[in-house]
Amino acid sequence: MTMLEVQNLSKYFAVPAGVVHSVEDVSFSVERGETLGLVGESGCGKTTTGRTIIRIYEPTAGKIIFDGQDITSLTPREMLPFRKRMQMIFQDPYASLNPRMTVGDIVREPMVIHGIPKDEHSDRVAHLLRLVGLNSEQAGRYPHEFSGGQRQRIGIARALAVEPELIICDEPISALDVSIQAQIVNMLEDLQKSLGLTYIFIAHDLSMVRHISSRVAVMYLGRIVELAESGELYTNPKHPYTVSLLSSIPIPDPDKSDSREHIPLQGEIPSALNPPSGCAFRTRCPKARPECAALNAVLRDTGNGHLCACPFV
Amino acid sequence: MNDEILTVKNLHTSFMTGAGEVKAVDGVSFSVKRGEVLGIVGESGSGKSASMLSVMGLAGENARVWAERTAFKGKELTPETVKALRGKNIAMIFQDPMTSLNPVLTVGYQLRESLRRHNWQGDIHARCVDVLERVGIVPAEERLKQYPHEFSGGQRQRIMIAMAIICNPDLLIADEPTTALDVTVQAQILGLLTELRKASGMSMILITHDLGVIAGEADRVLVMYGGKIMEEGTRREIFYAPAHPYTKGLLRSVPNPERPSERLIPIEGQPPDLLNPPKGCPYVKRCPQAMRICLEHKPEAKVLSGTHKTSCFLEVKE
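Respectively, the protein sequence lines represent chains A and B.
Just so you know, we're using the numbering used here here: the first sequence kicks off at 18 and counts up by one.
Just so you know, we're using the numbering used here here: the second sequence kicks off at 8 and counts up by one.
Just so you know, the hints here were simulated from the structure itself, not pulled from any lab data.
Just to be clear, a hint being listed does not mean it is correct.
Result set (SDA-like, lysine to any residue): computed pairs, CA atoms no more than 25 Å apart in a straight line [unchecked claim]:
1) B:205 <-> A:283
2) A:304 <-> A:329
3) B:292 <-> A:255
4) A:255 <-> B:64
5) B:292 <-> A:163
6) B:255 <-> A:147
7) A:304 <-> A:260
8) B:255 <-> A:329
9) A:273 <-> B:258
10) A:210 <-> B:205
11) B:40 <-> B:95
12) A:101 <-> A:147
13) B:286 <-> B:82
14) A:255 <-> A:321
15) B:82 <-> B:103
If we strip away everything but chain A, and leave its shape as in the complex, we get (with noise of 0.2 Å):
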């Protein structure tokens, strides 16, 4: 069963030294109960594509399809009910939640937003805490009462207070220590097992991506250059950028790190202001031939669903 499906998706910004072109012509579909992982470095379009879903961002092209209901055009209020279905997990602890809310508040305040019974608000805090492996009795504490971890806890548990189907984790692990990281990405398999959640889980860490996600779109300025079942992504990738890309992570194993083979990136990121023509990547890739500068690099099955947007592969 398909609980998004997101069509050829753009988002533009106007700045004044132009239009900034984030997201390009993105397709993509998410299945009921599995993780999409969303890859790519900084500025490659991977938030804003998160946040275009949710429509924080007013999408410039394209059609959001959430459980088969078009909700590109719905005016504010006929999107709550959909803002309720879908919620949103964020990178930073420390900024994105209140100082001045005790975490009671900051839980229950999206059940007040959505119109949850008054007397239910409590029992369901409550147990909100619970879920995510803290004490009930932490409500009327105050977030710089708490670690980072514990924080991503308490944003976690604002984002299950409504009960969600879909959750967008945009980066939720980055800013934790090593030690931490892994408690919140257990708690969150576990909480999407018992919960039955679909996730988008964005990430730079890709080793961590791999591990939690069913399937994973890797992006490059602003367009899904790769996407296939996270195995077969990791095994066998064949777009140049994601050779790169995974060429580059570092491994914590001395003899692996040391006998492997790592395949540079030259130069700079082009501006998204004024992408390159044709294939985005080709002022970078390795294997670029004339032909790029005027192909249209879309997505296409190179077989068992793995997409890629490069024809010489």
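Chain A is fixed; fit chain B onto it per the hints.
Quick look at chain B alone, frame taken from chain A:
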């Protein structure tokens, strides 16, 4: 090959804050040899940066620093000698290249400044062009006239590296030099640092929380937690024969590249409160093998081999 560039014995650092005394570094000893890369790995608050800033005399006004001995190439360090060595014989680069560069001065001005300050004998302009080319910022003549905001994050870190190596230091302290960068840029910067080290023979202290970066770059590794060194060893000892429960826990909490979907094994609990540190081992509350003695006493470093030490009361199997 065995001469020590930097020697630190029994270093203690406390920060005096409104809430009380924060014991950031608690009895840390280590040395750096000529030409080697010493990796320091640890989480926020483990004392890895605070140790380095203390040695360099940069810990700040509210810091109390005490050490049995700190020496550079065998000569004792004092506040005056440290000041003379800093930027010349010992250089530092930090995580955030944007806040480490002055936004209103050109890159050329900032490079020339460090040469003048350290009385560079020779053509200052030629030296600036040379280092900028060596870190891959070209055309150097043109780019010297530009301001920091005209460069990308990766290029700014290259400029920071150029400033650090401009006086040919013996030791480069790199504090999370690639944490703010994307993986492909990180790989470029780590490659550049290796290339520069090989050409000049300088030593490096690489501070990071990324076990992958340590595995790829360090000759020897210190694992820090709660202001103490938990384990010290060669990179192979730390990754293939870890002795301390914290090192083992840390290595288990990252995805295994061989079995990527296997459930992770996190370290339970939270890092220690340094305002109110545990009396014994800082790791005691999270350690799955904690014993009664760990609560009351601080373990001494136990020697496992000529290069391998661990601070743990557990009996070590041969």
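Results for each hint:
Between the alpha carbons of residue 205 of chain B and residue 283 of chain A the distance comes to roughly 21 Å, so the proposed pair stays at or under 25 Å and holds. As the CA atoms of residue 304 of chain A and residue 329 of chain A are separated by approximately 9 Å, the hinted pair is consistent with the 25 Å bound. Taking the CA atoms of residue 292 of chain B and residue 255 of chain A, the gap is near 46 Å; set against the 25 Å cutoff, the hint is violated. Restraint check: the Cα-Cα separation between residue 255 of chain A and residue 64 of chain B comes to about 50 Å, which exceeds 25 Å; the hinted pair is violated.
About 17 Å separates the Cα atoms of residue 292 of chain B and residue 163 of chain A, which keeps this hinted pair within 25 Å; it holds. Straight-line distance between C-alpha atoms of residue 255 of chain B and residue 147 of chain A comes to about 29 Å, which puts the hinted pair past the 25 Å bound. Between the alpha carbons of residue 304 of chain A and residue 260 of chain A the distance comes to roughly 12 Å, so the proposed pair stays at or under 25 Å and holds. Among the hinted pairs, residue 255 of chain B with residue 329 of chain A is inconsistent with the structure: their alpha-carbon atoms are about 44 Å apart, more than 25 Å.
With a CA separation close to 15 Å, the supplied pair residue 273 of chain A and residue 258 of chain B stays within the 25 Å bound. Taken as a hint, the residue 210 of chain A and residue 205 of chain B pair is broken in the structure, with Cα atoms around 50 Å apart against an allowance of 25 Å. For the given pair, residue 40 of chain B sits about 18 Å from residue 95 of chain B by alpha-carbon distance, which is consistent with the 25 Å threshold. A C-alpha spacing of about 21 Å is found between residue 101 of chain A and residue 147 of chain A, which places the hinted pair at or below 25 Å, so the restraint holds.
Taking the CA atoms of residue 286 of chain B and residue 82 of chain B, the gap is near 34 Å; set against the 25 Å cutoff, the hint is violated. Taking the CA atoms of residue 255 of chain A and residue 321 of chain A, the gap is about 13 Å. The hint holds against a cut of 25 Å. Taking the CA atoms of residue 82 of chain B and residue 103 of chain B, the gap is near 31 Å; set against the 25 Å cutoff, the hint is violated.
Violated hints, in rising order: 3, 4, 6, 8, 10, 13, 15; the structure is consistent with all others.
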